[in-house]
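Q: Letter by letter, the chains look like this.
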Amino acid sequence: MHELLLFGQVPRARHEQVLSVLTGVAAMPPRRDKRQQALLAQLNKDLYYTQLVQTLTEQDFRGSTENTQSSGVTNGGRGGLDGGEMIRAQGPWAMQFNDLPEPGDKRPVTLRYTTTTDVVDGNPHEYMTALGYSYVSEYVLEGHRLLHKDVVILLHRILRLPPGATPEYSPRHPLPAFEALVPLDPSGAYVLQACLRLQDGTKPEMLRKGTEELMGLKRLMKGVVDLNPANRLSLDTRVKFLQHKVEEKKTAQLPVLGGI
Amino acid sequence: MAAMNQDEVRALDRVRQRLQTFANTLGALRQDLEKSDRIPPWPILSDQIQTATRTLSSLQETLSENSAFLSRAHAYPLPSFPGRTQEGLLQQLLRKKLDPSIEDAIADAKKEAARFIDGVDGVDGEDGRGGKLGEHDLADLWLWAGPGESEIAHSIFSGPELMDEDEEGSEDEDDEAESAAATPAVRAGESGAPNLELFLRFMSTGRDPEVIARDLQREREVQRMVAGKGRSANVAGRG
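Those protein sequences? They're chains A and B, same order as listed.
Using UniProt numbering, the letters of the first sequence map in sequence onto residues 1 to 260.
Using UniProt numbering, the letters of the second sequence map in sequence onto residues 1 to 239.
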């Protein structure tokens with residue numbers, strides 16, 4: 001499956017306004033959308049990042065409020081969590097792989113290959129680890145999702161785990177309280193992502209239609225948000241700086257050993 | 001006269017190709033600037049200018065590679081050349097001096113370049129001797145202005161922190177120095193909000209945002225250096 005993408009940036013102050021405009025454009029109330037994304041890198045084979053994605057509900061945060069408070073004090077408890085119970089089935093996970101966008105300067109939208117595999121049962125993280133992947137980091141996407149014709153519009157921001165709460169080996173569960181998450185951008189800017197999925201991006205006819213629809217949205221949003229294709233290399237999902245990563249892993253092992 | 005060998009013919013042909021590419025690139029750029037009712041956006045312009053610079057430097061490479069042969073090559077029209085019908089072309093081929101308009105342009109460019117690049121190093125504006133910058137000074141300036149400017153741009157885009165007054169003053173100077181040299185790549189990087197770039201990179205790789213920001217800055221600096229190099233090569237080529 002391929003997807004066509006356009007990106008825009010919305011400052012915190014204009015978030016409400018843009019959301020209202022989008023609601024009007026899409027003629028539907030925005031749906032609240034929260035997702036936990038864990039990034040896993042495969043070190044021995046393809047050298048690409050793969051993501052584990054999970055849709056979150058309010059409960060995923062609320063249930064953990066007391067837990068954060070206590071785990072802030074006892075480091076050992078967190079270490080045990082990492083080693084043992086890890087991910088319980090809260091919401092279904094999905095494995096998502098995004099390829100490096102296709103080259104081509106003239107294309108007005110970003111085109112990339114993507115696959116999403118829903119995980120029905122079992123522990124996806126253990127499965128991925130067995131495949132040779134290792135955990136890199138994770139973040140939470142928080143925002144709204146709308147649908148305009150065939151375009152999925154995501155207006156979201158990236159939230160990171162509070163410093164010190166980042167696990168070393170596996171996606172964190174349970175998550176800390178929602179309020180404790182730190183936005184990646186200190187000013188709290190949002191990212192607007194318009195995405196159109198194509199069953200087969202190699203067919204020029206489909207590609208043309210999809211591009212036209214996205215460009216239609218771009219024209220519609222002109223003056224509200226500038227939608228542009230992304231710089232190809234900024235969506236690069238190839239793993240780089242392996243040396244660096246290996247060192248990171250080595251140092252990461254020490255506190256865990258100390259904790260046990 | 002000894003007949004040209006295969007290599008020399010090939011060299012000529014290569015020069016011809018490079019010239020044609022360069023002429024096409026410049027032509028396209030010029031047409032864009034003249035014909036479109038609004039000036040095309042910066043990223044597109046900078047792309048085109050970069051392409052032009054690239055083709056120009058490859059032309060220069062070809063020229064200098066074959067300089068020995070090219071400097072002793074002459075045009076000899078064969079008797080079978082249709083001199084009557086193609087008189088203009090013949091004149092052009094046999095002309096040894098450059099076109100007057102081109103000669104003027106070269107003189108102008110030399111004069112402009114002399115304002116910036118002087119044989120003497122280390123004479124800058126500070127000691128009040130009517131600031132002529134040596135090539136060395138220019139390089140220093142770029143080394144300083146590059147990171148400085150990207151820091152300022154970063155603070156503008158990344159948040160509401162206001163800058164000090166005197167910092168703004170230095171930025172103005174910086175801007176002046178820059179608009180004199182207007183490096184397109186830098187401009188493009190500036191307008192395409194760096195934050196979005198950081199978001200996307202973080203979403204794709206999950207690396208530490210600080211590391212990503214550092215990488216971005218380094219990339220921008222490299223871009224700037226490359227653009228700066230291309231520029232000085234141009235000036236040297238014309239002089």
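Simulated from the structure, these hints should not be mistaken for lab results.
Just so it is clear, CB atoms sit at the ideal spot from N, CA and C, and this is done for glycine as well.
Possibly wrong hints are sitting among the right ones.
[What the hints assert, rightly or not] As a list, the in silico BS3-like pairs of lysine-lysine whose alpha-carbon atoms are at most 30 Å apart:
hint, chain 1, residue 1, chain 2, residue 2
1, A, 218, B, 35
2, A, 222, B, 35
3, B, 96, B, 111
4, B, 97, B, 110
5, A, 222, A, 203
6, A, 218, A, 106
7, A, 209, B, 111
8, A, 222, A, 106
9, A, 222, A, 34
10, A, 106, B, 111
11, A, 34, A, 106
12, A, 149, A, 34
[As the list claims (entries may be wrong)] Across the chosen pairs, the derived CB separations fall in these ranges:
hint, chain 1, residue 1, chain 2, residue 2, range
13, A, 17, B, 147, 30 to 38 Å
14, B, 154, A, 17, 20 to 28 Å
15, B, 99, A, 186, 53 to 61 Å
16, B, 28, A, 215, 17 to 25 Å
17, A, 132, B, 12, 49 to 57 Å
18, A, 200, B, 38, 35 to 43 Å
Q: Next step is simple, just say for each hint if it's right about the structure.
A: Comparing the hints with the structure gives:
Between residue 218 of chain A and residue 35 of chain B the alpha-carbon distance is near 24 Å, which keeps this suggested pair within the 30 Å criterion. For the suggested pair residue 222 of chain A and residue 35 of chain B, the alpha carbons sit about 23 Å apart, so the restraint of at most 30 Å is met. In summary, the hint linking residue 96 of chain B to residue 111 of chain B is supported, as the alpha carbons are separated by about 23 Å, within the 30 Å threshold. A hinted pair counts as satisfied when its Cα atoms are at most 30 Å apart, and residue 97 of chain B with residue 110 of chain B qualifies at roughly 18 Å.
For the given pair, residue 222 of chain A sits about 28 Å from residue 203 of chain A by alpha-carbon distance, which is consistent with the 30 Å threshold. For the proposed pair residue 218 of chain A and residue 106 of chain A, the alpha carbon gap of about 16 Å is at most 30 Å, so the pair holds. This hinted pair does not check out: residue 209 of chain A and residue 111 of chain B have alpha carbons roughly 54 Å apart, beyond 30 Å. Of the pairs offered as hints, the one joining residue 222 of chain A and residue 106 of chain A holds, with about 20 Å between alpha carbons and a cut-off of 30 Å not exceeded.
Using a Cα cut-off of 30 Å, the hinted pair residue 222 of chain A and residue 34 of chain A holds, with the two alpha carbons roughly 27 Å apart. Between residue 106 of chain A and residue 111 of chain B the CA atoms are separated by roughly 38 Å; this puts the pair beyond 30 Å, and the hint is violated. Pair hint residue 34 of chain A plus residue 106 of chain A does not hold up; C-alpha atoms about 34 Å apart against a cutoff of 30 Å. Of the supplied pair hints, the one linking residue 149 of chain A and residue 34 of chain A holds, its CA atoms being roughly 22 Å apart against a limit of 30 Å.
A beta carbon spacing of about 35 Å between residue 17 of chain A and residue 147 of chain B agrees with the range 30 to 38 Å that was offered as a hint. Roughly 25 Å separates the CB atoms of residue 154 of chain B and residue 17 of chain A, a value that falls within the hinted 20 to 28 Å. Checking the proposed 53 to 61 Å range against residue 99 of chain B and residue 186 of chain A shows it holds: the Cβ atoms sit about 58 Å from each other. Between residue 28 of chain B and residue 215 of chain A, the C-beta spacing of about 23 Å keeps the proposed range 17 to 25 Å intact.
Checking the proposed 49 to 57 Å range against residue 132 of chain A and residue 12 of chain B shows it holds: the Cβ atoms sit about 56 Å from each other. Between residue 200 of chain A and residue 38 of chain B the beta carbon distance is about 37 Å. The supplied range of 35 to 43 Å therefore holds.
Checked against the numbered hints above, the structure violates hints 7, 10, 11; every other hint is satisfied.
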